[in-house]
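Q: According to our numbering, the sequence shown is numbered sequentially starting from 1.
These aren't lab readings, by the way, just hints derived from the structure by calculation. There are no misleading hints in this set.
Pair by pair, the computed Cβ-Cβ distance ranges are:
{"id": "1", "residue 1": "Arg40", "residue 2": "Thr90", "range": "16 to 26 Å"}
{"id": "2", "residue 1": "Asp23", "residue 2": "Gly59", "range": "27 to 37 Å"}
{"id": "3", "residue 1": "Gly60", "residue 2": "Asp23", "range": "31 to 41 Å"}
Ideal placement from N, C-alpha and C gives every residue a C-beta, glycine not left out.
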Amino acid sequence: MTALTSSSGHADHGPHVPKPREDCRRVAWHAPMNAESRRRILRWTCECRTRVYYLVVGGGLAYVRRSDKQTGQNHETARMRYREADHLWTELLLGLAH
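Modelling step: build the complete structure from the supplied sequences, incorporating the hints.
A: Below, the structure written as structure tokens:
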């Protein structure tokens with residue numbers, strides 16, 4: 001497995017998400033909930049790509065947001081404990097989830 005760190009990338013140039021593997025886990029994406037009054041983006045993927053992912057925390061929970069610059073649509077995972085969201089984040093960056 002590739003070693004990843006929270007500081008991979010800088011400014012708007014985060015890590016690139018690889019093509020998903022054939023045996024990858026399918027993620028359930030939902031319309032944005034905007035449930036938190038305050039949220040913080042902890043990590044993001046490279047904004048030079050059409051699809052950008054964000055690891056977001058707020059309200060004591062975490063989730064991954066997927067933003068498609070081509071269509072202007074955003075989708076989010078369900079809210080979950082930070083540990084679960086961080087694990088999903090790693091899977092996305094390794095092509096193990098899509």
